[in-house]
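K.L.:
These are the residues of each chain, in order.
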Amino acid sequence: MANKYVGQRVKRTEDPRLIKGLAHYVDDIRLPDTLHVSFVRSIYAHARINSIDTTEALKAPGVVVVYTGKDIAEKIGPVPCASALPGLKVPDYRVLAQDKAYFVGHPIAAVVATDTYAARDAVDLVMVDYEDLPAVVDVEAAAEGGPVIYEDFGDNIAYKLTAGEGDIEAALGSADRVLKQRIVHQRLAPIAMEGRGVLARYFPGEAELTVWSSTQIPHLLRTQLALMIGFPENKLRVITPEVGGGFGSKLNVYAEEALLGWISMQLNKPVKWIETRRENIQATIHGRGQVGYVEIGCMNDGALTGLRYNVFADLGAYHQLLTPAIPTLTGLMLSGAYKIPAIQINVTACFTNKMATDAYRGAGRPEATYVVERALDLVAAELGIDAAEVRRRNFPAPNEFPFHTATGLEYDSGDYETALNNAQAMIGYSKLREEQKQARDEGRLIGIGISTYVEICALGPSQAMPAGGWESATVRIEPTGKVTVLTGASPHGQGQETSFAQIAADELGVDLNDVTVIHGDTGIVQYGIGTFGSRATAVGGTAMLIAIQKLKEKAHKIAAHMLKCEASNLAFEGGRYSMQAAKAAAAGGTSDPVVPVGEAPGGALPEPHTEGKSSLTIQDIALAAHIAKDLPPDTEPGLSATYFFEPKNFTFPFGTHICAVEIDRETGDLKFLRYVAVDDCGKVINPMLVDGQLHGGIVQSIGQALYEEVVYDEQGQLVTGTLMDYAVPRASQIPWLELDRTETPSPVNPLGVKGVGEAGTIGATPAIVGAIVDALAPFGVKHLDMPVKPEAIWKIVNA
Amino acid sequence: MKTAISVDVNGVSHENEVEPRLLLVHYLRDILGLTGTHIGCETSLCGACTVFIDGQAVKSCTMFAVQANGSSVTTIEGLATNGELHPVQEGFWERHGLQCGYCTPGMIIAAAQILERNPQPTREEIRHGLDGNLCRCTGYQHIVEAVEYAAKKAAG
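Line order of the protein sequences matches chains A and B.
Mind the numbering: the first sequence is residues 685 to 1483 in the numbering used here, read in order.
Mind the numbering: the second sequence is residues 863 to 1018 in the numbering used here, read in order.
Wrong hints could be hidden among the right ones.
Claimed, not checked - Stretch by stretch, here's where chain A covers chain B in the computed footprint (C-beta under 8 Å, at least three residues):
hint, stretch
1, 907-920
2, 958-964
3, 1002-1013
To be verified - Which residues of chain B face chain A? A few of them, derived with a C-beta cut under 7 Å, are:
hint, residue
4, T897
5, G898
6, F926
7, F954
8, R989
9, H990
10, L996
11, C999
Stated by the list, open to error - Example chain A residues on the side facing chain B (calculated, C-beta under 10 Å, incomplete):
hint, residue
12, H708
13, A876
14, H1088
15, G1092
16, I1382
Derived from the structure by calculation, the hints contain no laboratory data.
What you are looking at is a predicted structure, and each value in this text was computed from that prediction instead of being measured.
Heads up, the beta-carbon is just placed ideally off N, CA and C, and yes, glycines get one too.
So that you can see chain A by itself, here it is in the shape it has in the complex:
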């Protein structure tokens, strides 16, 4: 069938409400008599709480109640962690601190008042008597000994894990060269522009609880909240209204979500908490936070023999939903886009007195890609082989897919060399290298960085996931012919109300505007998993596609019944089941002229109730299916279908990013000369949305490479607690991004899509840092840690 919408730059159906200021994020939902919550949070990284005095706070105007840890200790269960690793130590993480505070921002008391100003005023009146304890801040020091955060555990090591295939000792031992490098992946804050927010309303008559939360996982949240507060899941409704960005930070179950639900039940009133930016940087999950040591073995021709990565993962004080799992994703992706016969990862995951790390856009894969790509650059520099060439020599060829890695994965499909060739052609690579050489002779510092990444998307088969890797969809055609799609995915900016409608409209032959995609309401949508891991289209879109196919099978039978013909005499084209289309198909695609009514060939037509038709739209059929007066025997009335799709594998998008930078010798600042990316995310549904995902991801990479870092001082105090100190990239700091793509369909799903949500944050950082290192190669620089600030560069240039 010809696609009218799929593959086109269709404008988003989400946008009108957003550009007019008429959308509803959590804080835009107004319920009468709502009470407001503000939190007392620990000002120390590690402290014993001797006492909490709420007397003055309770006297303050507008204050209704103040809850502390002892109020909830027996009432609300611990914040959940979904990953189960062998030997994993799991601290008891209560929604309000009990006897100790474990990080700056740790919630200690919840003040409930009639408005936010009153609540915040009263927070300052809660007197907490702290006894400051030694803080564990540095992850490597945490592993070695010193103060122990959880005395019962004996040390600060949450788990150790070794994984990988092949004989790593032999692989490194037989290599012509073995190169080593310490690599830091600094902590990052996701900084969704809308922070977290919760509104909870208990309905005492109905004994129902509704929780509006800015989350990426409404159904998983509902299940976990039901368990935490001991509330029947079928009376609990989670609604995800408009969500102002997530980037993984809202792929979680947070203390505040459970607490607000519980407080609403205690007070029989709606209660609301809207996170401030300070709270967001203190107490919403961070990303990255690894310090690792890579060893890579190679032969003199550049062929890789083995890679070992010993990594210390800074988990923070507690496990959030997926905290311990993130370093394991790093381990899975250590083969990068290369044939490496032996790979080993050794993870030492440690508790520190900081906010938990968890899934921030890329979630373990940017770390892996950065390690592998930096290692390839070391090999190139050591052997004097061009950085592009050393990569090319180690690619698996397209006919080697599915490609088995020594990390235990099966890459689905790929053509890495074409992406590299195209990117080199786009940027004019050989000419650029010549210009670089000439510039160096003139004393200018130009560098070129390359990243040929592969990532893992479409998370994922349930076997490989902590709690379900499938996705669900229901597709209905309403009696009036309008199409309703209910997806278990939970988009929050990605534009799937549009891209899913594109797929549905093409498959059903209806107008795009006749399709509505509903998501993020557990009272309406069947159970789903949610949006993360670049999975929504590859897994959720596929669930929708198969639901549509099921719906069409039924519609086809009803059409044959209504038209009094064999189903085989009907074909679906352009939204219609018609005999002409079937004949055309039988005649090898040549389209017959439409047969005038009454002149139809013998016997089958016309019958009165089909009103002389030889074709029916799927919308006609939907009406008949609902009226249900004349359906084929044993046919259920209505026209809807539900499908839960379980993927058999992950998908593996890939691509090449190349950037060129020039360093200012006087200031150490750099400017981008070019940024070129050729990405392959499989089949593309909407090129405009794909470009948008890549732009956003690449810019978050630029943030990591050059600007962003969550800094805690040696006492565990958060130094970068505002957007003044935590440097999110601004418009003028970003170069023009030149994008192109190749399209290698994934065999894992019938749409052929792979996913694109995280490619930019995974692929770009090594290219940027690689370019800076390349520019500084004349100074003997082999590696620099992120964020690479002008100060560090200046010191090298002016040493």
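Dock chain B against chain A, hints included.
P.N.:
Using the frame of chain A, we list chain B on its own:
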């Protein structure tokens, strides 16, 4: 202790008694119910709360409602005229200048201000003009294109 203020918002005049410490953004959102103006940081660093006050783009989280007394405020809800989108709004839709949409109202107001001051800006001028507004989704490129679209459209 409340103070009486009179503010024209999107062409409608409002008389209210407010606490002197009430921020303008809270006045717009909580008293007038105009929730299109968002709060992203409360420290005037992100620009999500940007509105026009007497024709100047201002971050409404860092101004008291009482300071707007006697002023004329335009929020995102008041930007379209007679149901027709402002060219910048149209540009954002046409060029995919938004993803999650949270920074968008402030971004659109800031972009409209750029074009009022400089109807045909270069890409570099657009980027510098947007530096007071953070977007975490788009990487800014489509926003720059959206502003270019609006500039071109306004030029006819």
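K.L.:
Hints first: check each against the structure and report whether it holds.
P.N.:
Results of checking the hints against the structure:
Check on the stretch 907-920 of chain B: 3 of its residues sit with their Cβ under 8 Å from a Cβ of chain A, so the three-residue criterion for coverage holds. Check on the stretch 958-964 of chain B: 6 of its residues sit with their Cβ under 8 Å from a Cβ of chain A, so the three-residue criterion for coverage holds. With a cut-off of 8 Å between beta carbons, the stretch 1002-1013 of chain B has 5 residues touching chain A; three or more are needed, and the interface restraint holds. Residue-level restraint check for B:T897 holds (minimum Cβ-Cβ distance to chain A is 4 Å; threshold 7 Å).
The interface hint given for B:G898 holds, since its Cβ lies 2 Å from the closest Cβ of chain A, which is under the 7 Å cut-off. Annotation: interface hint on B:F926 violated; nearest CB of chain A at approximately 13 Å, more than 7 Å. Against a cut-off of 7 Å between C-beta atoms, the interface hint on B:F954 holds, since the closest Cβ of chain A lies about 5 Å away. This hint holds: B:R989 has a C-beta 4 Å from the nearest C-beta of chain A, less than the 7 Å allowed.
About 5 Å separates the beta-carbon of B:H990 from the nearest beta-carbon of chain A, less than 7 Å, and the hint is met. A least Cβ separation of about 5 Å between B:L996 and chain A falls short of the 7 Å threshold, and the interface hint therefore holds. Against a cut-off of 7 Å between C-beta atoms, the interface hint on B:C999 holds, since the closest Cβ of chain A lies about 5 Å away. Proximity of A:H708 to chain B holds as hinted, the smallest CB-CB distance being about 7 Å (cut-off 10 Å).
At about 6 Å, the closest approach between the beta carbon of A:A876 and any beta carbon in chain B falls short of 10 Å, and the interface hint on this residue holds. A hinted interface residue such as A:H1088 counts as satisfied when its beta carbon comes closer than 10 Å to some beta carbon of chain B; here the least separation is about 35 Å, so the hint is violated. At about 33 Å, the closest approach between the beta carbon of A:G1092 and any beta carbon in chain B exceeds 10 Å, and the interface hint on this residue is violated. Interface hint at A:I1382: satisfied, since its Cβ lies 6 Å from the closest Cβ of chain B, which is below the 10 Å cut-off.
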